[in-house]
Amino acid sequence: MTVMPAVSALDVRKRYGQVQVLNGIDLEVAPGEVCCVIGPSGSGKSTFLRCVNHLEKIDAGRLQVNGQLVGYRERNGMLHELREREIAARRREIGMVFQRFNLFPHMTALENVMEAPRRVKGEAKDVVRERSTRLLDRVGLGARGDAYPAQLSGGQQQRVAIARALAMEPRLMLFDEPTSALDPELVGEVLDVMRDLAASGMTMVVVTHEIAFAREAGDTLVFLDHGVIVESGRPREVLARPRHDRTRAFLSKVL
Amino acid sequence: MEELGIRPAAATPPDRERVPPIRAVPVRHYGRWVFLGVLVAAVVLLARAFSGADIDYAITLRHLTTANVLGGLVNTVVISVLAQAVGIALGVVFAVMGMSRHAEVRAVSAAYVWLFRGTPVLVQLLLWYNLSLVVSTVTIPGLGSWPTNQLITPFVAALLGLGINEGAYMTEIVRAGIQSVDRGQTEAAHALGMSPLLTMRRVVLPQAMRVIVPPTGNEFVSMLKLSSLAYAIQYGELLQSAVKIYSNNLAIVELLLTVSIWYLVLTSVATVFQGLLERRYSRGVTGVTGSSPSLRARLLGLRTKGTP
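Residue numbers (this note's numbering), protein chains in the order written: chain A, 63 to 317; chain B, 2 to 309.
Read the hints as simulated data drawn from the structure, not as lab findings.
Quick caveat, the model's predicted, so the values are computed rather than measured.
C-beta atoms are modelled at their ideal positions from N, C-alpha and C, and glycine is treated no differently.
Among the clues, some could well be false.
Claimed, not checked - Derived coverage of chain B by chain A (criterion: at least 3 residues anywhere in the stretch with Cβ under 8 Å from a Cβ of chain A; other residues may be distant): (1) 202-213; (2) 227-237.
To be verified - Part of the chain A face toward chain B, derived, beta carbon under 7 Å: (3) N115; (4) K119; (5) M140; (6) E143; (7) L144; (8) R154.
What the hints assert, rightly or not - With a straight-line Cα cutoff of 25 Å, these simulated DMTMM-like cross-link-like pairs (lysine to aspartate or glutamate) come out: (9) A:K187 x A:E143; (10) A:K183 x B:E188; (11) A:K183 x A:E173; (12) A:K119 x B:E188; (13) A:K187 x A:E155; (14) A:K315 x A:E231; (15) A:K187 x A:E173; (16) A:K119 x A:E148; (17) A:K119 x B:E105; (18) A:K119 x B:E173; (19) A:K315 x A:D245; (20) A:K187 x A:D199.
Isolated chain A, as found in the complex (with noise of 0.2 Å):
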């Protein structure tokens, strides 16, 4: 096999002051693969999904994406950081779908979509908008684009916020535990896009405590504890026959 990873990292280490959060974390991802990732609440899980994208740094270890070095260029094998700009210019080959929505309340469901394409990448206004259109079309939400979010339910807003991060056309999309904060009756609604964008090929990393969507549309499952990944392999298999008494103490308090 010679594909390029999507996501690779590499013994990665993260510590908030005394707290070690990430504590050596190697895993990868390859293109196309749906990864979800569970664990207990401060296991790390959240914080490893936005060490990838460098909206948090890590300590030590290497972490890739789509084999690139994440925040920073290797030159004569010595780490350079990256400057913001070059640090945004990666940032637009992912897309991240945050637990708390963070859709632009001055801006419609419309004009958050197009609001990346136009200004970072300087596409024109009608092929943007002609592409919004559709990607409000593919999560449910055609009819509402000239609503603003204070106006849209938590499922219709994670929708919205899903579309707005597809404009962008990612290569990998990265999920913070997107259904965490809706209703129960919102979070089928989630997670059928979820399903369509896994199905569409997606590369795509899920934190999440949605087990039957793991089992359903994952193609492997990570079971994170203390920083450290206790155990991975096809969904099934790990809920089935889980090897390690933490993961079979985490599923039996959440299935």
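Position chain B against the provided structure of chain A, taking the given hints into account.
Relative to chain A, chain B alone:
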């Protein structure tokens, strides 16, 4: 539900028609009547005092539209608008600097606010105006040099003094506005590949405006009145125009009332304008139409219950 003894309420109780509406004696607010009485008495006394005073109101009204006063009025508006613009620009720059990752940049911002907020604006105006006493020529390398006393006209001194002083206050206002924007907004913008500058301009500042606009409106209303201090450095604003006239005709109070009327008109217009701006920047927060206190409530400084 049944076993808990809870049953849905019957849709319409059969004897609903016969329940009489509550008829109660309202609480009497005797204090209000006392207050109203005192108020009326005070107004009557004041009116009598002013009508009995030795004031020729005809002079007051006549001078409302003389060329001198109107010229001063225009200058007051010009210096206030420009100084406020300078203040806002400086405020944005120093507020962003104040939140820099680099300590030395933050220190520059802190020193600016400390210096210009910590000294009286009248002193600052006089210092700018008398700059030529200590610096005889201003030289910009590659551009040329000018004698300071030609460069620092009363207008320039007023603009520098009022604008830079205002910038110190605006820095605090803008900083509060930026800090009021959820951190997740910046993260979302960064995750979309937006640069820090673009994030500030397109995402953070427009949302910060909701917090920035109301106090900035206050600042501008203050500025309209504060600009009268430029009288001390010979800038021909509204107050100076009155002083010029009353030093000839000695109708001091009449002319001071003339300019007071104009200041009230200016501040009223500014207040209306502020309301429109607030409405504009509450987009997306309170639904389609931003709601903001009514015009009358704004002018009288009333706040309806529940308005934050």
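Hint check:
1. 202-213: This one holds; 4 residues, not fewer than the three required, reach chain A with a Cβ under 8 Å.
2. 227-237: violated (count 0)
3. N115: Constraint on N115 of chain A satisfied, holds at 6 Å.
4. K119: Violated, about 12 Å.
5. M140: This interface hint is violated because 23 Å lies over the 7 Å limit.
6. E143: Where the cut-off is 7 Å and the nearest Cβ of chain B is about 13 Å from E143 of chain A, the hint is violated.
7. L144: With a closest approach of 12 Å, the L144 of chain A hint is violated.
8. R154: holds, 4 Å
9. A:K187 x A:E143: This hinted pair is violated, its Cα atoms lying about 34 Å apart.
10. A:K183 x B:E188: Distance of about 18 Å is within 25 Å: holds.
11. A:K183 x A:E173: Distance ~15 Å between K183 of chain A and E173 of chain A Cα, so the pair holds.
12. A:K119 x B:E188: Distance of about 14 Å is within 25 Å: holds.
13. A:K187 x A:E155: Within the cut-off at roughly 20 Å; holds.
14. A:K315 x A:E231: Violated, at roughly 37 Å.
15. A:K187 x A:E173: This hinted pair holds, its Cα atoms lying about 11 Å apart.
16. A:K119 x A:E148: holds, 15 Å
17. A:K119 x B:E105: The hint holds at about 23 Å.
18. A:K119 x B:E173: violated, 30 Å
19. A:K315 x A:D245: holds, 20 Å
20. A:K187 x A:D199: holds, 18 Å
Figure legend: structure checked against the earlier numbered hints; hints not met, in rising order: 2, 4, 5, 6, 7, 9, 14 and 18.
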